[in-house]
Amino acid sequence: MNLSALGGILATVLGLIYTTQALMLPKASIGNPIAPKIFPIGIGILLILFGLILSFSEIKNTGLKKKDIEKDKNENIKLITYTSLACILYGLIFNRLGYVISTIIFLEIILLLFNGKEKIKTNTIVSICFSVIIYFLFSRFLGVTLPAMPFL
Amino acid sequence: MDVLAYLLKGFSVALQPINLMWVTLGGILGTIVGMLPGLGPATGVAVLLPMTFTMGPEAALITMCGVYYGAMFGGSRSSILINTPGDGAALAATFDGYPMAQQGRAESALAMSAIASFIGGILSTIVMVFVAQPVAKFALKFGPAEYFMLMVFALSATASMTKGNLTKGFISMLIGLMISTVGIDAQSGISRFTFGILELQTGIDFLVVIIAVYALGEVFKSFKMIKEGKKKMQTKFGKIWITKEEWKRSKWPILRSAPLGFFIGALPGAGGTMASLMAYNNEKQLSKHPEEFGKGAIEGLAAPESANNAASVGALIPMLTLGVPGSGTTAVMMGALLMLGLQPGPMLFQQHPKLAWGLIASMFVGNMILAIVNIPLAGLLVRVLAIPPKILYPIVLGLAFVGTYAISNSVIDFYLLVIFGVMGYFMSKAKIPTAPLILAIIVGNSMEQSFRQAITISDGDYSIFFGSKVSIVLLILTIVSVVYPFVKERIKGKKNIVSAN
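Protein chains in written order, with the working numbering: chain S, 1 to 152; chain X, 153 to 653.
Treat the hints as calculated values from the structure; they're not laboratory data.
Even glycine gets a Cβ: it sits at the ideal position worked out from N, Cα and C.
There's no promise every hint is true.
Stated by the list, open to error - With beta-carbon atoms standing in for the labels, derived distance ranges: (1) X/Gly446 to S/Phe56: 52 to 60 Å; (2) X/Ile631 to S/Val13: 52 to 60 Å; (3) S/Glu75 to X/Thr395: 41 to 49 Å; (4) S/Arg140 to X/Arg535: 42 to 50 Å; (5) S/Lys60 to X/Ile643: 50 to 58 Å; (6) S/Ile45 to X/Ile631: 36 to 44 Å; (7) X/Phe282 to S/Gln21: 44 to 52 Å.
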């Protein structure tokens, strides 16, 4: 797949969605009623334009396929997907389990992905140390309140 | 009060023991983050910013200055030792720095890179002392229309000058502007593009996007490298210093490259990468023995290092005096200032002279501390590079998340982090530059406000944007910046044809 062409197409679609959303914005009750819309509509239309230019020039020059082929692409995408899922899980448990526990779980998963399960001992030490140190550093010294553990 | 008096006052703040401690700490942490491949000053500042949340504005600024410089110094450490630049600006340091390390001259290379960075940084800070206020004074005359045109120029220059093609640069910029319009419109109170999500009403914090693109996106990009593990590197060093002969060879290249770097850095969109590459080519052409370049010529390391640090100072000028950052990294620095409640721009020097000059003074101090930290402690600090990236990068991810939470106290931003991180990854895969995106997110809001103010002043007449000399000059500059890459390509093409004949 030609990623540049795909980027152009996605940009065009984004531009279209954004512009229609901008057109549907309610009118302002104070001042010029269309004032909040002009700027967004302008950039929306420009994005559609540039998106179209990119898609057409890419399709004309290189075609939709070939290019950007990588061997390890699948593995990479898999890792990215797992990491993203871990991040979402982190968001879901963050407030419920508190900073320390949720971070240990999150880092354990990430380290499992990066470092492998053979090194589970190192992984665990790293995740626990990081979570505890950061928790105390932020909540005690930097004054940032992080969610505490539920039973402490 | 005149410049020097302000500067002295700035020094009296920056030299307080507690602030010296902060700048040292910031510098060391910045050096460490800067050393990690792929993570440059932008990521360093973004990830380490939460550290400063409870400090007073002065201490916070000084710490961030330390981080910024530290990351600049650190970027070239990994270029020299493992042939992997910490960020784009450190790329030129691989050309001769790595060959030097392979020849067993790592000590000289590390010392020279720190010395050249130090001199480049100090020289350009001196220039800055004299340039900053006149520029700010000039910019005070700008009305909203001029401001709008200035931002249009800065953005389009960045979009067209960052590598990759012009269309991609503009797409990146426009997406950034779109992101900046999310949230409640300050003038009319209408929610725009929030899709009914309460947390989006306050808008998408640019720091979240920065952390996502620079930290998460970089980790995604580096998966392959991380999995492969570390490259072998030297961990035992002799005395880290240079010989007299090496200094003689590098003296002039360093001094020549500093003004060059400063000037290029001050141009919007150009930045450290371009400055260091130009300095390198420059010295190669001037050299009596250009054949040594790329094989461990010390001046080939000294020149780009000096230019790179000088550029990082030059880049602060448009950001501090006009409120328009010229590169991704300065955009992040501007984000840091905004976070501290300071609005960079012409008014900064009038309303907060103490802070503005304190910042400049701490640039001097930061540079000195960094040179002190980086020469004798280089051998110790680079051990970070010997820790496997498989462990380091997850820690960076952990820091990215805790930093994000510290900014907004909301886990909604975790999901945004993932979305923009993935977006950053695909942008880099499709070779769409990310710097215009970051820049646009930061200036987007004030750009729209100036646009609307100008329209209100002129009562709906769009000719106000071409109504003054300043606006017309800016318009011409914008057109030149957009057309220039095409002209350059043409000339290049013609040259190729000529040389082929």
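Hints violated by the structure (listed by number, smallest first): 1, 2, 4, 5, 6
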